[in-house]
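Model the full assembly from the supplied sequences, consistent with the hints where possible.
Quick mapping for you: the protein sequence lines, in order, are chains Y and B. Just so you know, my numbering puts 77 at position 82 of the first sequence, and the rest follows in order with no gaps. Just so you know, my numbering puts 58 at position 24 of the second sequence, and the rest follows in order with no gaps.
In case anyone wonders, no lab produced these hints; they're calculated from the structure. In this text, all values refer to a predicted model and were calculated from it rather than measured experimentally. Beta carbons are placed, not taken as given, at the ideal position from N, Cα and C, and that holds for glycine. A hint or two may mislead.
[To be verified] Estimated spans, in silico, between C-beta atoms of each pair: (1) Gly107/B with Ser17/Y: 23 to 29 Å; (2) Ala77/Y with Ile49/B: 40 to 46 Å; (3) Leu50/B with Leu378/Y: 26 to 32 Å; (4) Pro373/Y with Gln88/B: 52 to 58 Å; (5) Pro80/B with Ala226/Y: 55 to 61 Å; (6) Pro144/Y with Gln124/B: 34 to 40 Å; (7) Asp150/B with Gln71/Y: 52 to 58 Å; (8) Gln124/B with Ser70/Y: 31 to 37 Å.
[Unchecked claim] To give an idea of the interface, some chain B residues facing chain Y are shown, with a C-beta separation under 10 Å as derived from the structure: (9) Ala37; (10) Asn78; (11) Pro80; (12) Arg82; (13) Gly86; (14) Glu92; (15) Leu96; (16) Glu111; (17) Val164.
[Said to hold, decoys possible] Covered stretches of chain Y, going by a simulated chain B footprint (3 or more residues, C-beta under 8 Å): (18) 4 to 11; (19) 232 to 244; (20) 319 to 328; (21) 400 to 406.
Chain by chain, the residues run as shown.
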Amino acid sequence: VLADSSVVVLALPQIYRELDTSVAGVTWVLVSFNLVMALAAVPAAHVARRVGPGRAAAVGLAVFAGASLACGASSQLTTLIAARCVQALGGAAAVTAVLELLPATVGSERRATVVWAGAGATGAALGPAIGGILTELVSWQSIFLLQVPVAIAAAAPILAVAKHEAATGVIEPELRDTGRPHVLANLALAMVSAAIAAALFLLVLLLIEGWRLTPIGAAVVVTVMPLSALAGSRLGPLVPSARARAAGGAILVSGGLAGLAFLPKAEVALTIPPQILVGVGLSLVLSALTETALGGRAPQAIHGGWTISARHAGVVVGLLALTPIFTSDIAQQRRDAIDAGTAVVLDSRVSPLQKIELARRIEERLEGERGRVPTIGPAFDPLPTDPTERAAVVELRSELQDQLDRGATHAFSPSFLLGALLGLLALVPIGLARRMDL
Amino acid sequence: VNAALRGRVLVVGSILAAVALVGAYLAAGGSSYVPAKTQNPCKNRPWRNPEGLQQIAEQFSLSALDGAACQLGVTRETLARALATSGSRQRFMDRYGIDDAKLAKAIRAGLVRAVDDAERAGALSPFLAVPLREALQRIPVDEAIELIRDARSLLENARSFLGPAGGLIEQLLP
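What follows is the structure in structure tokens.
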């Protein structure tokens, strides 16, 4: 469940094309899931404590599996989004209830928190690779269909607990005082999550829609981010101050996003240093803030619910704030890039008749790509046989593609910068929390 | 103390890493990696060494595109793509709310501006420019578009446009 968003994000470009929708429309495949998770996490945690976490988790996973099946069978955006909402309801119940079950399994609440946070990080690490491979080799539907057996497998060991609860009626009747959530830590979590969502979502779109990488290629590239997070998690134990880890992590996430905003060229290798910063930063800041939000607070399910709610609300805010900006920017930059590319053709050394034919073929490719940044190479095939003319056309092709790459890359800059700003804003609640237990 | 120091080192190190990355990318041209700006079509562009019929024809076409684009309030590049095929022309007209009459007027105005520019660049004799302007203002729109695509036909077949005066063209063309 915790890996869902990072898995699904790789499928969005294919869903966007197959379901004939807009970028803003396809964003709701992510937004709907995260919105319902944000709204349902805390109520689901309360329900789990009343009916028993085993039963809540089992029912939640069953609902999640059924809704995943419906997602995979969807042929329209509206049904897909509706199924995603149900999927998130089940997911919220499962994730919060499991946190209540974990202490009994792993020995302590603190250990349970670490395992729970680790499961989230592992899911995020594997998510892009799984999503990219399934999307390219099978289909976007397979991402959801694969979640069915995974959810059933996860529910199997929980069923025993659920049966035990049903037989013994072991429901915690003396509901402990749940206490107030750690507002500042959860607020910071929301802001950082918005920034991280921006990093992953925008980078995937840039790689697939802007730079025309395959889903697997994009998956390999963005896996740098969660792998860096796993490597960066070794830094955490070296710094006992949660506040310092949270502040350092937020700064790294913002720095990485600002780096993505100022890419000096459309080259995959240049995305790696910013991704390393975002990855290391997110491991530091998420663990520090989650520990702070949960530390010394009981019951874990309720406060875990608050962190889930904050993180997913942050993702929703990030996506809703960024989508209109980058969809408008990408349309404008596409027009600018195509104009700049056409200027290159008009001012080039190739013969006028060749220009006319090229203009016709380029126009055909632009129409065929439905708003996507086109691969312009095929418009130049076959190349002229005359060596001088051929060299001029090859140079022209390269200049034209450069203009399109510039446009595609620049289109994402304002959104990455806004993401960086969200990450920096998280420093405000982190700073305000100085006298608290952060 | 050790724990506090580690915390400070982490925060300062994070700031340095972030600033170093952004600084390096900006220094490498990260803020200027944008598509080239297109020129305002209403501003005259100097003709580049118009020597020979083909180059004169090419400069003539570009000037005509500029003139027509200026009239329509679009870029030269947008109009060039619009005139590539009949389908692209129709899509362009629908998108910008331009009817046949407005397009024809703009294209003819563009051709007249091309004659002006050619005359100014010394690529066309003033003696020929006057009747050419007259002829171009009456030309059917499809023929006008063909002339923008390949102005050589205009210059090569000027006799048909200019009647008796056409015989002088080849002698007067630079």
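**Request:** Against chain Y, run the beta carbon of Arg82/B and see if the smallest gap drops under 10 Å.
**Result:** With a minimum Cβ separation of about 9 Å from chain Y (threshold 10 Å), the hint on Arg82/B holds.
**Prompt:** When the nearest CB of chain Y is found for Asn78/B, is that gap smaller than 10 Å?
**Reply:** 15 Å, violated
**Request:** For the range 52 to 58 Å, tell me whether the beta carbons of Asp150/B and Gln71/Y fit it or not.
**Result:** 57 Å, holds
**Message:** Under 10 Å is the threshold here; is the Cβ of Glu92/B close enough to any Cβ of chain Y for the hint to stand?
**Reply:** 5 Å, holds
**Item:** Supplied distance hint 55 to 61 Å, evaluated on CB atoms of Pro80/B and Ala226/Y
**Value:** 57 Å, holds
**Item:** Within 8 Å of chain B's CB atoms, at least three CB atoms from the stretch 232 to 244 of chain Y: coverage verdict
**Value:** With 10 residues close enough to chain B, the hint holds.
**Request:** Given that the stretch 4 to 11 of chain Y was listed as covered by chain B, double-check it with a C-beta distance under 8 Å for 3 or more residues.
**Result:** violated (count 0)
**Asked** Taking the beta carbons of Leu50/B and Leu378/Y, is their distance inside 26 to 32 Å?
**Response** The hint (26 to 32 Å, Cβ to Cβ) is violated, given that Leu50/B and Leu378/Y are roughly 49 Å apart.
**Message:** Tell me whether the statement that chain B covers the stretch 400 to 406 of chain Y is true, taking a Cβ distance below 8 Å and needing three residues at minimum.
**Reply:** holds (count 4)
**Prompt:** Can the hint on Pro80/B be confirmed by a CB-to-CB distance to chain Y that is less than 10 Å?
**Reply:** 13 Å, violated
**Item:** Agreement of hint Glu111/B with chain Y interface, Cβ distance less than 10 Å
**Value:** 4 Å, holds
**Prompt:** Does the Cβ distance between Gln124/B and Ser70/Y fall inside 31 to 37 Å?
**Reply:** At roughly 32 Å between Cβ atoms, Ser70/Y and Gln124/B fall inside 31 to 37 Å, so the hint holds.
The structure fails hints 3, 4, 6, 10, 11, 13, 17, 18, 20 (numbered hints given earlier, in ascending order).
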